[in-house]
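Note that the protein sequences, when read in sequence, are chains A and B. Residue 1 is where the first sequence starts when you use the numbering used here, and the numbers rise one by one after that. Residue 334 is where the second sequence starts when you use the numbering used here, and the numbers rise one by one after that.
Think of the hints as simulated: they come from the structure by calculation, not from any bench. Where is the CB? At the ideal position from N, CA and C, for every residue including glycine. The reader is advised that the hints may include incorrect statements.
[What the hints assert, rightly or not] Each computed BS3-like pair below joins lysine-lysine, with the alpha-carbon atoms no more than 30 Å apart: (1) 71/A to 545/B; (2) 378/B to 258/A; (3) 574/B to 258/A; (4) 655/B to 361/B; (5) 419/B to 241/A; (6) 591/B to 248/A; (7) 249/A to 361/B; (8) 591/B to 272/A; (9) 591/B to 265/A; (10) 450/B to 378/B; (11) 605/B to 497/B; (12) 272/A to 589/B; (13) 581/B to 531/B; (14) 387/B to 258/A; (15) 269/A to 582/B; (16) 574/B to 274/A; (17) 71/A to 531/B; (18) 274/A to 591/B; (19) 581/B to 241/A; (20) 605/B to 212/A; (21) 422/B to 241/A; (22) 602/B to 274/A; (23) 598/B to 212/A; (24) 168/A to 582/B; (25) 589/B to 274/A; (26) 86/A to 212/A; (27) 602/B to 581/B; (28) 89/A to 54/A; (29) 269/A to 607/B; (30) 574/B to 605/B; (31) 117/A to 45/A; (32) 506/B to 248/A; (33) 655/B to 249/A; (34) 387/B to 453/B.
[Said to hold, decoys possible] Here are some chain B residues pointing at chain A (derived, C-beta under 8 Å): (35) 462; (36) 576; (37) 597.
Protein chains: 2
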Amino acid sequence: MIRLAVDAMGGDHAPIEMVKGVNLAIEKFDDIEIHLFGDENEINKYLTPSPRVKIFHTTHVLDMGVEDPIKELRSNPEYSMFKAIKHVKDGNADAVLTSGPTQGAVVGGTLILRRIKGMKRVAICPFIPDFEGRMRILLDSGANVEFRPEHLLDFAVVASIISKSYFKVENPKVGLVNIGAEPGKGRAEDIEAYELLKNNPQINFYGNVEPKEMLTSDVDVLVTDGFTGNILMKSYEGAVKAFSDAIKKEVYSSFKAKMGGLLMKNAFKNIKRKANPDVVGGAIIVGIEGILVKAHGSSDAFAFSNGIRLARELAKEDIMSKVRVAIEALHNE
Amino acid sequence: MIRLAVDAMGGDHAPIEMVKGVNLAIEKFDDIEIHLFGDENEINKYLTPSPRVKIFHTTHVLDMGVEDPIKELRSNPEYSMFKAIKHVKDGNADAVLTSGPTQGAVVGGTLILRRIKGMKRVAICPFIPDFEGRMRILLDSGANVEFRPEHLLDFAVVASIISKSYFKVENPKVGLVNIGAEPGKGRAEDIEAYELLKNNPQINFYGNVEPKEMLTSDVDVLVTDGFTGNILMKSYEGAVKAFSDAIKKEVYSSFKAKMGGLLMKNAFKNIKRKANPDVVGGAIIVGIEGILVKAHGSSDAFAFSNGIRLARELAKEDIMSKVRVAIEALHNE
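Okay, chain A solo, but in the shape it has when bound (with noise of 0.2 Å):
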């Protein structure tokens, strides 16, 4: 039996759309056991009852727009999220899942799971989906803002040891994210990562990828800082849903192609189906010593319940040995 901590209280749409997704995730896996912390009283509103689930009381609930995560956590340990991570921590579950403030599992990981032995920084790590459905990871989106070029290596070893295990891709490739295809281009840091990742015996390199070929080059996972993986996910984001609204106020604006809206909604509506970051359920807080999958914030029950078999997933491909391993090996080179 898996067992998963789960933060049933963070999230835009919480309790509810989490316990929902609880619900959901329990009726479709029958090999995991849920830990659920958060407000009993509010949970059990929504819960399904099962054996399968037990639900951990707790008082606090860690706000979206949280300024200060380090002082919440140093002054008061009753957050949902914290509890949950903490479960994993004193070894109670294998995995832990919430779609609180990004930020605050990011703490919430490092200074409660503690990073991997070896890992000099911890990273976001999202899957991002193209048009046609296939993802691709990308780290650091967002942990870090300063950077050093061996932590892109450090990301790329894990990222590769993720791609392998839980999109069973044989020889993940790596592509660094810069501003030119060519070796040389970048900043002083990219251009050393470079030389970095070129050079590693564990990482199939394939080489600079510029944000415009992102969703068609053929690579699997994609390194760079924090800063930049967090403008480069977030302009795409902001394009497409421009794109998006685009389009729906053409379509608004005539008759003829309110008609050609109809026809193509299926033609929209697969679009939307396979880039839907929903269908993936979270990012992944790795460089830690433990599966956090941190769901988005606006979640809801499906999105949750997607959650919940990544970081099942995660936990069932025994992800954290591989990934201690690896980063043993690369520090031991």
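Keeping the supplied structure of chain A fixed, place chain B upon it in accordance with the hints.
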């Protein structure tokens, strides 16, 4: 009469599209005189003779993939692009336009025209159209990969002048590209730049702008370093391209969607027209002692003629004098 130096040989479709663009512009604007740099025989194949067009024969073309433009500039100054830039330096033209390689234009601008006194960095400054046709100025979009906070202040001042003079925005709002909206977000340099921008009386500072809000927020100017600006712009372009391709693919996948696509043809055309970067004509290389417009490498005659229009209007507005005054005021504060 406004005198424009034009590189006929730079660009993927040179010289044919460049010369045709000149033909269009000469017909459209009766207050311009064009000094065309390139292979005389080639140019004459496509040029509609006009007393307002003079050809300056050159022997060399800067390759679009040029690796070391500084070396090229030093070893052989007979390149059409560099000769056209030199023409401005010598006081024989009021502005220069090229579709040649961007780094060539940056190098030529910096080494031939020289930086404006007080400005430490040159920036590439494109206009980014949203889907409503509204333009926002983004800089730096790739001239420099390393930066200091004070460079962003210089950029903000220059871009504000362009916004006022060219787009007739009375009090242009300047946003700082960042990974969060709240003050205190980003790298050490961003946090410092935030304070500089906030406290400077020449700037109407809006605050941080996340890339996902870039196209909807009420800013006129977006400043960041060249690495981030380039990532932002190319992520945006890549996402729009991938989304468009996905729609096209879906349209061809079923009869119903094909009919829908036909009915929506005008709607898609409207969107494309509004968000068409060809309408802009080019990016401005700012920070140098002269007006240098870099048209897209893939420019056709229409786009290139808009580049001529942009160069013409910047010259008419006497943008250089305004920039000089503002930069001097900034550094004498």
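Verification of the hints:
1. Proposed proximity of residue 71/A and residue 545/B is supported: the alpha carbons are some 29 Å apart, at most 30 Å.
2. Between residue 378/B and residue 258/A the CA atoms are separated by roughly 47 Å; this puts the pair beyond 30 Å, and the hint is violated.
3. For a cut-off of 30 Å, the pair hint linking residue 574/B to residue 258/A stands: about 23 Å separates their Cα positions.
4. This hinted pair checks out: residue 655/B and residue 361/B have alpha carbons roughly 27 Å apart, not beyond 30 Å.
5. Straight-line distance between C-alpha atoms of residue 419/B and residue 241/A comes to about 44 Å, which puts the hinted pair past the 30 Å bound.
6. The hinted pair formed by residue 591/B and residue 248/A meets the criterion: a straight-line CA distance of about 18 Å does not exceed 30 Å.
7. Straight-line distance between C-alpha atoms of residue 249/A and residue 361/B comes to about 33 Å, which puts the hinted pair past the 30 Å bound.
8. A threshold of 30 Å between alpha carbons decides the hint, and for residue 591/B with residue 272/A the separation of about 18 Å falls inside it, so the pair holds.
9. At most 30 Å may separate the alpha-carbon atoms for a hinted pair to count; residue 591/B and residue 265/A meet this at roughly 11 Å.
10. At most 30 Å may separate the alpha-carbon atoms for a hinted pair to count; residue 450/B and residue 378/B exceed this at roughly 42 Å.
11. Proposed proximity of residue 605/B and residue 497/B is supported: the alpha carbons are some 26 Å apart, at most 30 Å.
12. A C-alpha spacing of about 18 Å is found between residue 272/A and residue 589/B, which places the hinted pair at or below 30 Å, so the restraint holds.
13. Note on residue 581/B and residue 531/B: the hinted pairing is violated, with a Cα-Cα distance of about 45 Å set against a maximum of 30 Å.
14. Between residue 387/B and residue 258/A the CA atoms are separated by roughly 52 Å; this puts the pair beyond 30 Å, and the hint is violated.
15. This hinted pair checks out: residue 269/A and residue 582/B have alpha carbons roughly 13 Å apart, not beyond 30 Å.
16. Using a Cα cut-off of 30 Å, the hinted pair residue 574/B and residue 274/A holds, with the two alpha carbons roughly 16 Å apart.
17. Our distance criterion of 30 Å between C-alpha atoms is met by residue 71/A and residue 531/B, whose separation comes to about 28 Å.
18. For a cut-off of 30 Å, the pair hint linking residue 274/A to residue 591/B stands: about 19 Å separates their Cα positions.
19. Taking the CA atoms of residue 581/B and residue 241/A, the gap is near 18 Å; set against the 30 Å cutoff, the hint holds.
20. Distance check on the hinted pair: residue 605/B and residue 212/A sit about 18 Å apart at the alpha-carbon level, within 30 Å; holds.
21. This hinted pair does not check out: residue 422/B and residue 241/A have alpha carbons roughly 44 Å apart, beyond 30 Å.
22. With a C-alpha separation of about 25 Å, the suggested pairing of residue 602/B with residue 274/A holds against the 30 Å cut-off.
23. Annotation: proposed proximity of residue 598/B to residue 212/A holds, straight-line Cα distance about 25 Å (limit 30 Å).
24. The straight-line distance between the Cα atoms of residue 168/A and residue 582/B is roughly 27 Å, inside the 30 Å bound, and the hint therefore holds.
25. Restraint check for residue 589/B and residue 274/A: the C-alpha separation of about 19 Å stays at or below 30 Å, so the hint holds.
26. Our distance criterion of 30 Å between C-alpha atoms is broken by residue 86/A and residue 212/A, whose separation comes to about 40 Å.
27. Between residue 602/B and residue 581/B the alpha-carbon distance is near 13 Å, which keeps this suggested pair within the 30 Å criterion.
28. The hinted pair formed by residue 89/A and residue 54/A meets the criterion: a straight-line CA distance of about 18 Å does not exceed 30 Å.
29. Taking the CA atoms of residue 269/A and residue 607/B, the gap is about 25 Å. The hint holds against a cut of 30 Å.
30. Among the hinted pairs, residue 574/B with residue 605/B is consistent with the structure: their alpha-carbon atoms are about 11 Å apart, no more than 30 Å.
31. A distance of roughly 42 Å separates the Cα atoms of residue 117/A and residue 45/A; the hinted pair therefore is violated under the 30 Å criterion.
32. With a CA separation close to 28 Å, the supplied pair residue 506/B and residue 248/A stays within the 30 Å bound.
33. Straight-line distance between C-alpha atoms of residue 655/B and residue 249/A comes to about 39 Å, which puts the hinted pair past the 30 Å bound.
34. Proposed proximity of residue 387/B and residue 453/B is contradicted: the alpha carbons are some 35 Å apart, above 30 Å.
35. Because the closest C-beta pair between residue 462/B and chain A is about 11 Å apart, greater than 8 Å, the hint is violated.
36. A cut of 8 Å between beta carbons decides the hint on residue 576/B: the least distance to chain A is about 5 Å, and the hint holds.
37. Because the smallest distance between the Cβ of residue 597/B and any Cβ of chain A comes to about 3 Å, under 8 Å, the interface hint for this residue holds.
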